[in-house]
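Dock chain B against the given chain A, drawing on the hints supplied.
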Amino acid sequence: MFEKLEAYLEEISHFLSGRGEREEILSEIRSHILEKATQEHGQVTDASLDKVIAAYGPARRVAEKYLDGRPIIAPAYKRYLFRYTTLLFAVHTLLTVIGVIFKESFILFPFLFMPRLGVIEALMYLPTAFLTDLGVVALVLYFITQSGKDVRLPWPRLGVDLDEVKPPNKNVLLSRIGTAVGAVIMLAFTDFALYLFAKHQTIFFVNLNWNDPRPLFTPEAGQRISLVVIAMFAASTIALLFKLFMRSRWVDIGSGVVSLALIGLLLRQPFENLFAVNIAERFLPKIKFGLRFMLLFIASMVTVKLIKNVVCIGRKKLAK
Amino acid sequence: MEPEIGNFETEMNRGFLQILVLALLEKDMYGYSMVRTIRELGYEVEENTLYPLLRRLEKNGWVRSKWDVSEDRPRKFYAITDEGRTLRTQLLAIWKKQDEILKHLMEEKSHV
Numbered sequence: 001m002f003e004k005l006e007a008y009l010e011e012i013s014h015f016l017s018g019r020g021e022r023e024e025i026l027s028e029i030r031s032h033i034l035e036k037a038t039q040e041h042g043q044v045t046d047a048s049l050d051k052v053i054a055a056y057g058p059a060r061r062v063a064e065k066y067l068d069g070r071p072i073i074a075p076a077y078k079r080y081l082f083r084y085t086t087l088l089f090a091v092h093t094l095l096t097v098i099g100v101i102f103k104e105s106f107i108l109f110p111f112l113f114m115p116r117l118g119v120i121e122a123l124m125y126l127p128t129a130f131l132t133d134l135g136v137v138a139l140v141l142y143f144i145t146q147s148g149k150d151v152r153l154p155w156p157r158l159g160v161d162l163d164e165v166k167p168p169n170k171n172v173l174l175s176r177i178g179t180a181v182g183a184v185i186m187l188a189f190t191d192f193a194l195y196l197f198a199k200h201q202t203i204f205f206v207n208l209n210w211n212d213p214r215p216l217f218t219p220e221a222g223q224r225i226s227l228v229v230i231a232m233f234a235a236s237t238i239a240l241l242f243k244l245f246m247r248s249r250w251v252d253i254g255s256g257v258v259s260l261a262l263i264g265l266l267l268r269q270p271f272e273n274l275f276a277v278n279i280a281e282r283f284l285p286k287i288k289f290g291l292r293f294m295l296l297f298i299a300s301m302v303t304v305k306l307i308k309n310v311v312c313i314g315r316k317k318l319a320k
Numbered sequence: 321m322e323p324e325i326g327n328f329e330t331e332m333n334r335g336f337l338q339i340l341v342l343a344l345l346e347k348d349m350y351g352y353s354m355v356r357t358i359r360e361l362g363y364e365v366e367e368n369t370l371y372p373l374l375r376r377l378e379k380n381g382w383v384r385s386k387w388d389v390s391e392d393r394p395r396k397f398y399a400i401t402d403e404g405r406t407l408r409t410q411l412l413a414i415w416k417k418q419d420e421i422l423k424h425l426m427e428e429k430s431h432v
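Those protein sequence lines, which keep their order, are chains A and B.
All residue numbers for the first sequence refer to my numbering, where the first residue is 1 and numbers rise by one.
All residue numbers for the second sequence refer to my numbering, where the first residue is 321 and numbers rise by one.
Worth flagging that the hints you see were computed from the coordinates, not collected in a lab.
A couple of the hints might just be wrong.
[To be verified] To be clear about the criterion: a stretch of chain A counts as covered by chain B if any three or more of its residues have a C-beta under 8 Å from a C-beta of chain B, and this derived list gives those stretches:
no. : segment
1   : 26-34
2   : 51-57
3   : 60-66
By construction, the Cβ of each residue, glycine as well, lies at the ideal position given by its N, Cα and C atoms.
Bound conformation, chain A alone (with noise of 0.2 Å):
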């Protein structure tokens, strides 16, 4: 018994598949190598073993020389991961929205199960949902490429592809130029917002009368829906003045993710004893129901663009 042999078949062993042939393999290589120490030095010792061995060549990159390298994915099918899982945590993140809006758990039997939840619950529950579409959308096509069949997997030619998103190649010093005067208006804007907030308690008004200003929503909701979109205009410029220094997409995940949480807590608003203004009473569930929607509306372009800047973050790092 040669307790560095069989220290090294037993590496070997930890990464080799398949169990029937694996007794097998290790004899094969005992033997061999055992003949060759003998051979070679003479004798099988502990340091004849040891160059033996080392010749042999490392454990891991043994074993793998027996695995028959059918890849996991296809690589015909690896454009459609990110493909799918986008179009998959697309339909999850508006359900999840929904789901925010409207304080409804459902359920898509047997695919989807969305409980109840609260904007940071949806915030903290969104990569969760990616991984798992993610996850889904793999085991997927590992069954089809383990299948050996050519399947087509269909793909609308409509809408935004993914693959073809490029990197715009405007002129980086005009494009700085252009987010500069974007930062310098949104400052002026969140400057001017504070400005009003602070001496009003509410930037939203009737009249543009600055004598007699008469706000739009009752104090408390003035003052709440005043500091949310108070907080966007700072986000918004703050992403403008770091895009300034750096052209990362993390920077427009971070701001697409406050305004979420934003848009979120404003849909959250009672809607009830909104306005300090007489409305005619027919109007009111009109009116309701059009500033749900645009927020609504806003938040899906944010989400949409969030997940095209997670999904090109992902297909970059997959490519390297």
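The following block gives chain B in isolation, referenced to the frame of chain A:
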């Protein structure tokens, strides 16, 4: 700058080693004796490459194996099968044709 030959050599060796092994196994041989014979012929083969190759050839029925336990140390002997001989003939024909094409191209080039 000298081109990196490593990967190209590995790819070329893969096909060549299959023909070489099928040619060697006209008489029964065990793994270590094959490594030595190949080395004596002036060619190097990685030991850890030879055994997986023999295994694949055996799975496809082109070689067969048998353990010999009559001596102190058990040895696994390999031999070519009839299907292996047919495959070897076909592979040699391919290799010969490739060789002729390359020779023809090189000769043409040397005349220009």
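With a Cβ-Cβ cutoff of 8 Å, does the segment 26-34 of chain A contain at least three residues near chain B? Since three or more residues must qualify, the claim that chain B covers the segment 26-34 of chain A holds, with 6 doing so at under 8 Å.
Are there at least three residues in the segment 51-57 of chain A whose beta carbon sits under 8 Å from a beta carbon of chain B? holds (count 3)
Coverage assertion for the segment 60-66 of chain A with respect to chain B, Cβ distance below 8 Å, three residues required: holds (count 4)
In this structure, every one of the numbered hints holds.
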